[in-house]
Amino acid sequence: MSDDRTQKVDQRQRMLEAFDNKAADLHPLETYEVIGRRDVPRNDGLEKATGAAKYTLDVQLPGMLYGRFLTSPYPHAKILSMDTTEAERLPGVRCVLRYDDPELPEGASLGGHELNSVPALPRVAYFEGEECGAFVAADSEEIAEQALKAIKVEWEQRPFLLDVEKALEPDAPLTMPEEYPESNVHTVYLEGHGDVEQGFAEADKVIEFKWTFGLNTWVGPERPCGVWRWNGDFAEIWTKQQRPHIVKRAVSTWFGGIPMSKIDIHILYQGASFGGWSQMAWNLGGTYCAAVAARRTGRPVKWLFSRREDFYGGNMDAGVFYVKVGFKLDGTITAVSERGVTLNQDMPVFGIVAHLMENTKIPHIHGRTEAAWVNKGHTVPTRCEMNINCYTVNLVFNRVAAELGMDPIEVSLSNDGAEGHDTDWLDAKKAELGFQVRDSLRECVEKGKAAIGWDEKWHAPGAKRLPDGKMHGLGFTWTHEWDDSAGSSEIGMYFERNDGSVTILGCRCDCGVNAETTYCQIAADELGVPLESVRFKHMDDAGFFPMTPDTSTNLAVNGWAVRNAARILKQKLLETAVARRCVTQLTPGYPPAFPDKRPDELDVKDGVIFEKADPVNRMTIGEFIGPSGAMGPITSPVGEPIYSGKEGLAFPLRGTPPMFDHGWQIQRGCYLGVRLRFCRQAHFMEVEVDPETGAIDVKKIVTVNDVGKVINWDGCEGQAYGGAIMGLGRGMTEEVVYDPRTGVMLNGNLLNYKIPTMMDYGDIETIMVETAMGYGPYGTVGIGEDVATVLPALIGPAVHNAIGVWIDGFPMTPDRVLQALGKA
Amino acid sequence: MATVKEKGAVAEARVDLVVNGESHTVSVQPQWTLQHVLAEKLGLMGTKEFCGEGACGACTVIMDGRPVLSCMMLAIECGGKTIETVEGIARSGHPLIDAYVKYSCMQCGFCTPGFVVTAKALLDRNPDPTVEEIKEAMVGNLCRCGTYPAHIKAIREAAAVLRGGGGRE
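Order-wise, the sequence lines are chains P and B. The first sequence begins at 1 in our numbering and counts up by one. The second sequence begins at 825 in our numbering and counts up by one.
Bear in mind the hints are in silico, worked out from the structure with no lab data behind them. Keep in mind it's a predicted model, so treat the numbers as computed, not measured. You may find that some hints are simply not true.
What the hints assert, rightly or not - Every beta carbon over 12 Å from chain P, so not counted as near; a handful from chain B, in silico:
1. V842
2. S851
3. E864
4. T871
5. E873
6. M887
7. G889
8. G904
9. K905
10. E911
11. D922
12. K926
13. V941
14. T971
15. G988
Stated by the list, open to error - Which bits of chain P does chain B cover? Going by a derived footprint, with three or more residues having C-beta under 8 Å, they are:
16. 217 to 228
17. 694 to 702
18. 740 to 753
The beta carbon of each residue, even a glycine, is placed where N, CA and C say it ideally should be.
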């Protein structure tokens, strides 16, 4: 651990030395036309409102077959033998793949992010509902389903475990013996700074508490699915996938290797995507089996999971956590120690006390994550891996405040800082890095307090009973932004012939956050063209892979790529406008469009190139680019120059240098603690709790996010209120329940797994703070994951403020409320 | 598409439907849902399947003036019915479409058509719904992205346009 910490400190030091916010943006825009404007319509609004938007599930190809998987009826079982004869005989069944097929090597990894290898068709199932053993491709999905039912399997049932703490016991049965023959614990992750024992010794008071969080899942409206078609030896793939580049990379390693240039990927609109699935080889299994079946049948194959199968993936954050906090009587926290036992966490490296380290002046912090396997579906980062950290921040500050009888906001403000240092240290760093020095947390808090009426409404826990018998409560929490700026980003950008409209190319998943419109706004302002003329074509594999909607990173990475490309493109446009070019077989060349001018004497606005000193000397980009046709921009269809002396442009004008030229802000992820965080967020909630039924009525939510700068208001506000609603579900009603006796999932459907409806939330006020202290272009930070991740835990202090009793378990369902009140 | 030959299975049947004002005669298998026929056979892919069991509203269509869940109806039982889908509502120039775009009622967009259809059915029977009436009418439509607040604004605006005769129709 000490080596790890040293490495992080070194990395941060390098980053501090290399980073200069002012130097990074040498040519800031003086004015914004569409960046930050409020009435910018979504690119995809009409397409989605009219039902015209196409998703992978909608793909229909001539002769296409439908593929489905056999799933395990048991939580832990091995296939001893399998008879597929009857299934193969069914009319309409075209191909049955089995686990013992030589083209489906057992133990091979498909290329996902799992710690263990995941074969396409495993012989052993580690949870009920796991795809294993067989894949059927048939003329219709229902025939495939019928064939699966006709497969006879002899199973060897094995002991199973569902309780993650029991998995730690010395005599616990092994839950994944082939992969982890020694122990159910696969990783112990340590983090921290200082010496917690010293911190507890310095404290006036020490408290300890436990909290738990059940499995929840994001259950996307479009089922996991994909299509494979072989065009000769070219692979054409459609897939519902958040990270198209992972699919392409994995596919290129299959079948002895397929050159990347022979793989075409289509990423249509995603029927929601909140992470998780995108990183799983489990999901790639469908693509692999479809490829094999497509080759054998000579037909395209669409693979699908059932609605129920979707509930086993996209899980997040289940675990049991033990927290110890030491503090002074004035609210200064001296030490925090937390031990977490997490359930099926594929990547347990995000920490449980990381936000306290990055976000506070608490000098002594220690976190220990013990990640163990049980026989349930995998949990992977899904909006978002910082959830546990957010719970920790929330519960630590609110518990300490309650213990001291103090306002949790005051306790929070007094512990604000970074890396164990106070806000003076942090302010000095802001200045050093070229940011303006603003107190983001205080700005967020002041706006939020006013909006929720904190000063008038806040009261001691359990002190306010309403006339109808309900208990009134108010809750507050906070943390920082955690935009990772992770990943690389390449995009292409060019002017279209004929009209000079702008196309941006880059294969990426649209999961609905309106990112494509935002990129178009940046391109429009940087190029000086109308927003309406810019389109981001994100669905096709044009050779560019922008960063995907992970880790709140859309804007902070791709924004730079778009801005950089736009600046290169504009510069090339202006250089070309003053240059003599287009030497052809027909002509010796053409005089410049703007003779005797330098590029810096020109500018572009509203799609028009003009001379700054003499704006009458002007030409639209469309006129300058010229028409499409056999001779490109040079001549008309009859071979005559169309715009004498002014047409032409070197073509194609697209491409962007490698990420690091414009991506100076790149770092390895906030969970690795490399960079300092300046932007904060604060959230408030007002509830009424019925002590007779345990029902929690959320009356009002105020979200305050310092996003640095708002580029697209709809996008920001949509993530705030959408996240608040999703967060309410995760914190109050959503839990995937398994039968402890059989290990079978009990509520894998939308009737019994309760996601919020239009009746389940009160007023939501979304407030944006713009301090420009983010690492993205124009000082932005991402917001996609923030609210949905922070909000679930906020229900805890709000309910505590109402009923005066802490509830350990999330989601906070009525039965847990009644239990806490001693009524159940 | 091949027919599933089960013991005692009923053969395909011809069903007459009027969809978005156009007459169709479709040969359907008895187990096919109306959603399957609309999306897969008539190419009206705005009628989406999300939950597949009547819990989410994504497949809502208007049948003989009432909103119904097309994943819960067998196509074979829909003979002679008049059906309106999101594509028909869009083609008619209903002000809900403009309002939905204006207020960004969609994120991933998969559930959006179902909301538009349910909202259209609401406005057909209640030209001036209150916020509570809108919530009550739309409570069966689930959106995982949490776009709910925007729908309320859009539906109220579309209602105002309709009352004021400002629709494009």
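Outcome of the hint check:
For V842(B), the requirement that its beta carbon stay farther than 12 Å from each beta carbon of chain P is met, with the minimum near 18 Å. Non-interface status of S851(B) relative to chain P is upheld: no Cβ of that chain comes within 12 Å, the nearest being about 14 Å off. At the 12 Å boundary, the C-beta of E864(B) falls inside the reach of chain P, the nearest C-beta of that chain being 7 Å off. At roughly 7 Å, the least C-beta separation between T871(B) and chain P is not larger than 12 Å, which violates its mark as non-interface.
A cut-off of 12 Å between C-beta atoms contradicts the statement that E873(B) is not in contact with chain P; the least separation is 8 Å. Every C-beta of chain P lies more than 12 Å from that of M887(B), the closest at about 17 Å, which supports listing it as non-interface. Against chain P, the non-interface label of G889(B) holds: every CB pair exceeds 12 Å, the least being about 20 Å. For G904(B), the condition that its CB be more than 12 Å from all CB atoms of chain P holds, with the nearest at approximately 24 Å.
Every CB of chain P lies more than 12 Å from the CB of K905(B), the least distance being 19 Å, so the non-interface label holds. Its closest Cβ contact with chain P, about 6 Å, brings E911(B) to no more than 12 Å, contrary to its assignment away from the interface. Distance to chain P contradicts D922(B) as a non-interface residue, since its nearest Cβ pair spans about 9 Å, not more than 12 Å. The beta carbon of K926(B) sits about 7 Å from the closest Cβ of chain P, which is not more than 12 Å, so the claim that it is off the interface is violated.
V941(B), annotated as away from the interface, has a beta carbon of chain P within 12 Å; the closest lies near 9 Å. For T971(B), the condition that its CB be more than 12 Å from all CB atoms of chain P is violated, with the nearest at approximately 6 Å. Every C-beta of chain P lies more than 12 Å from that of G988(B), the closest at about 21 Å, which supports listing it as non-interface. Coverage of a stretch by a chain is defined here by at least three residues with a beta carbon nearer than 8 Å to that chain's beta carbons; for the region 217 to 228 of chain P and chain B the count is 5, and the condition holds.
With 0 residues having a Cβ less than 8 Å from any Cβ of chain B, the region 694 to 702 of chain P misses the three-residue criterion, and the hint is violated. Coverage of the region 740 to 753 of chain P by chain B holds in this model, with 3 residues showing a Cβ closer than 8 Å to a Cβ of that chain against a need of three.
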